[in-house]
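Hey, can you piece these two chains together into the complex? The hints should help.
Chain by chain, the residues:
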Amino acid sequence: MQTSRISRLAITLALLLFGQASWSATVLVAVAANFSKPMTEIAGEFEKATGHSAKLSFGSSGKFVSQLKSGGPFEVFLSADEKGPEKLEQAGLTVPTTRFVYALGKLVLWSTRIGYVDDQGKILETGNFKHLALANPKLAPYGIAAVDVLKKMKLFEKLQPLFVQGENIAQTYHFISTANAELGFVALSQVIEKGKITNGSGWIIPDNLYTPIRQTAVLMKKGAKNLGAAALIDYLKSKPALAIIKTYGYDLAK
Amino acid sequence: MLANADLDALFLTFKVASISTVLMLLLGTPLAWWLARTTCSWKSAINAIVALPLVLPPTVLGFYLLVLMGPSGLIGELTTWIGVDTLPFTFPGIVLASVLYSMPFVVQPLQTAFASIGEQPLEAAATLRAGPLDTFFSVVVPLAKPGFLTAIILGFTHTVGEFGVVLMIGGNIPDKTRVVSMQIYNHVEALEYNEAHWLAGCLLLFSFTVLLLLYTVSKTQPNVQQLK
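These protein sequence lines map, in sequence, to chains F and Y.
Quick note on the working numbering: the first sequence kicks off at 1 and runs consecutively.
Quick note on the working numbering: the second sequence kicks off at 1 and runs consecutively.
The following block holds chain Y by itself, in its conformation from the complex (with noise of 0.2 Å):
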């Protein structure tokens, strides 16, 4: 059965995940809109180091962030400039860790979908004295909600999913990096294979859960192969 501990750290990871998704779709929606309307010859660089965590190993990220948040690196410093504790082992470097790891799992759904509503309903909206704010919001919006769709189920999922990045800046502290991830690692590491097969399965049934939900809801098919 599920220990406290296990249950602990389900709890965390789908607190990780809840707050990573919503601050990955503030921050990857302008981004996203940006990137599908620009011509700027920058474009293509910032497609690449948003897509960059696709190929990485987590271990490169994973690495950087430790070098970077801690009390030398430049992030480090930052956070002891604004007064705050530098971020491994940490709740927050947890969750910003996350944010970088997922971002094109929700950016690449939205720019997709963003491209492919073109430019005429945006034209008729404009006829219609709509300004920018409402166009998005009353015409791009309720457009781009299968991709809407995939880019939150994904960037949740794949959250939950991490495990590189945060076996190497977390430092495996219960309630605040040990995600279920980290859980069932120290669990197989120490033969524990009972406690790994329930925690284990606990995921997979989700996972599955999810996805199946996802292709059963939307009528148009999420392109979750075009990601891989």
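Next comes chain F alone, as it looks inside the complex (with noise of 0.2 Å):
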């Protein structure tokens, strides 16, 4: 009687303390900085839905990736772009066939001014600003975009003097924010709430003004045996993920 009751209580805390682990994981993630917000959204309704939880670290892609190819720890990579996660496919890193497009990025010129930037992105020509900031383009993809729309629109070597740089995306945004510089390029999902942006004054840049921003998820080797990991890349594809990543501005692969 006494030793039953002893053992099913060992049994029940063997359970609590190491049952748990073996049902529920940690996946460590990468997540390029523009996609933070949703992503903190969708880790949590993943946790609600799998019980699995996931560890973020925010920072720009170009980071991550020479991190990933020096034994960075992540297990799963959202990058704002293709490229990354085909070179560490390529370096052998990834777990073959896991990579896809889990959303298409939208840039958007921004500024803290209510009625500072019209629907056309003409204060780009008129504007007597003294600063213009974007995401360093040899690091992330959305200051490639924004330098694609300048050249575009041809005013790139004219407004190229005007530059300052943010390390990602979320320091660009921060440096437009603390209305250091007057405007800038960020990414949508920054500035957007319930589908509006409703901070400042923004010009959403229509799609022909840059290349598609294909921001890629892949798994890598290191989390092929995290249950967790492969179980966020299929979470990411699902309904749930779609909607909050849809309500942040971004458009879904086709």
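If you're looking for bench data, these hints aren't it; they were derived computationally from the structure.
A hint or two may mislead.
DEER-style ranges, computed between Cβ atoms [to be verified]: (1) F:F100 - Y:V84: 35 to 41 Å; (2) F:K158 - Y:S116: 57 to 63 Å; (3) F:D119 - Y:F208: 38 to 44 Å; (4) F:E47 - Y:L52: 22 to 28 Å; (5) F:N128 - Y:R37: 47 to 53 Å; (6) Y:R37 - F:Q160: 19 to 25 Å; (7) F:E47 - Y:D8: 47 to 53 Å; (8) F:D118 - Y:Y193: 41 to 47 Å.
Far from chain Y by the CB rule (all over 12 Å, computed), these chain F residues [claimed, not checked]: (9) G44; (10) K55; (11) K63; (12) D118; (13) K130; (14) N136; (15) E182; (16) A231.
Don't be surprised by glycine CBs; every beta carbon is placed ideally from N, CA and C.
Next comes the structure, spelled out in structure tokens:
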């Protein structure tokens, strides 16, 4: 009687302590800075739905690629572009056939001043601003897209002296939100709330002015044995996740 | 090899460091003198404020500066009021940040040097009817020479090595705020390891040479360790 109660207690304790680990895992995820808001939301839903938990690190895609190449610990990588994950795949660091486009990024020209940015981007030609913020095009896909836009509008040479570059799109956002730069190119997801730009003024840039930002996710070999990592990749393709991605202004890949 | 952009970054870095060091000496010398001599009850507080950058992460300083120097910050409103541009993303902004950030490396060696002079030489100078300024330049400065040397070298090299603050308020602008530590970071992040190696190697060689000279030239060993 006594021993059976003790052994039952021991089994319960063991289940509580160790059992948990066998079906709920922690996933280390590297997330491109533009996707930080939606991913935080998705991670919350993911935890509720699967019991796994996702630990998120935010930064520039370029930085993550260089870290992952040098043995970075991340198990899932949500890049802001297609190239980064492709490079990692060529280096044999990813699990084959797990790469997919999870969202199409939207670029916006944004300012904290109300009525400052018009819906044609004429301000870029006529504006008397001192600083134009963008993400460093060497490191961040949204920076490349911003350069695309300026080149298409034939304003690149003229505006280049006014560039201030954030190391990633989050820092670029801070340069503008503290009004140190009058305006700049950020991700729509950073300034959108319930489908609208609620703060300041912005111009959602037409798709034909920049090469599509094909934000690509991939499962790293480091996460191949982690059930949670595979589950997260699946969850990113699920209806609840796609709905969240859409509310932040992204298009979905066809 | 070093590209033009790398050379520009090196040149800019030495420019920032030189100007900052001169400013730090101008501001730091009277401050260190006062701190070494005063019995004022504020002394501890001022000492603590000067030493803050030693313990604060550069990101804290960078964050505050970005907010304070912005159009709606205190410093920003002041600069707008005088009629100059706001300071983030500008050369003067980087210099101001460097002065704040490297100040303890100038003030502390000077303060130690001044304190170790003691009362006697000053009293002797006074009996010979030397005025305060005369005493300072003919007695204190020569006696505190090792302190000045340490202050200059540490102030300069620490500014050369500054990274976090510039990353936060610089905006990576060529010839204005893209200092060499930023350029190395850019190279590494863009996987341009070759370029990063060249630049990093230059900096390593420079820092080693400066410290080697310092230890060789000065007979009294500067108290580099004492600071950390």
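Verification of the hints:
1. Checked against the hint of 35 to 41 Å, the pair F:F100 and Y:V84 fails, with Cβ atoms roughly 51 Å apart.
2. A hinted range of 57 to 63 Å for the beta carbons of F:K158 and Y:S116 is consistent with their spacing of about 59 Å.
3. The beta-carbon spacing between F:D119 and Y:F208, approximately 56 Å, falls outside the hinted interval of 38 to 44 Å.
4. The given range of 22 to 28 Å is broken by F:E47 and Y:L52, whose C-beta atoms sit roughly 40 Å from each other.
5. For F:N128 paired with Y:R37, a C-beta distance near 51 Å keeps the hint of 47 to 53 Å intact.
6. A hinted range of 19 to 25 Å is violated for the C-beta pair Y:R37 and F:Q160, which are about 52 Å apart.
7. The hinted window of 47 to 53 Å between F:E47 and Y:D8 holds, with their beta carbons roughly 48 Å apart.
8. Between F:D118 and Y:Y193 the beta carbons are some 43 Å apart, a value that agrees with the proposed interval 41 to 47 Å.
9. Separation of F:G44 from chain Y is adequate, the least Cβ-Cβ distance of about 27 Å exceeding the 12 Å criterion.
10. No Cβ of chain Y approaches the Cβ of F:K55 within 12 Å, the least distance being about 21 Å, so the stated non-interface status holds.
11. Non-interface call for F:K63 relative to chain Y: violated, since the shortest CB-CB distance, roughly 5 Å, does not exceed 12 Å.
12. Non-interface status of F:D118 relative to chain Y is upheld: no Cβ of that chain comes within 12 Å, the nearest being about 21 Å off.
13. Not every beta carbon of chain Y lies more than 12 Å from that of F:K130, the smallest distance being close to 6 Å; the non-interface claim is violated.
14. Chain Y draws F:N136 into its interface by the beta-carbon criterion, the shortest separation being 6 Å against a cut-off of 12 Å.
15. With a least beta-carbon separation of about 9 Å from chain Y, F:E182 fails to lie farther than 12 Å from that chain, contradicting its non-interface assignment.
16. Every CB of chain Y is more than 12 Å from the CB of F:A231 (nearest about 31 Å), matching its label as outside the interface.
Violated hints for the displayed structure, listed by number in ascending order: 1, 3, 4, 6, 11, 13, 14 and 15.
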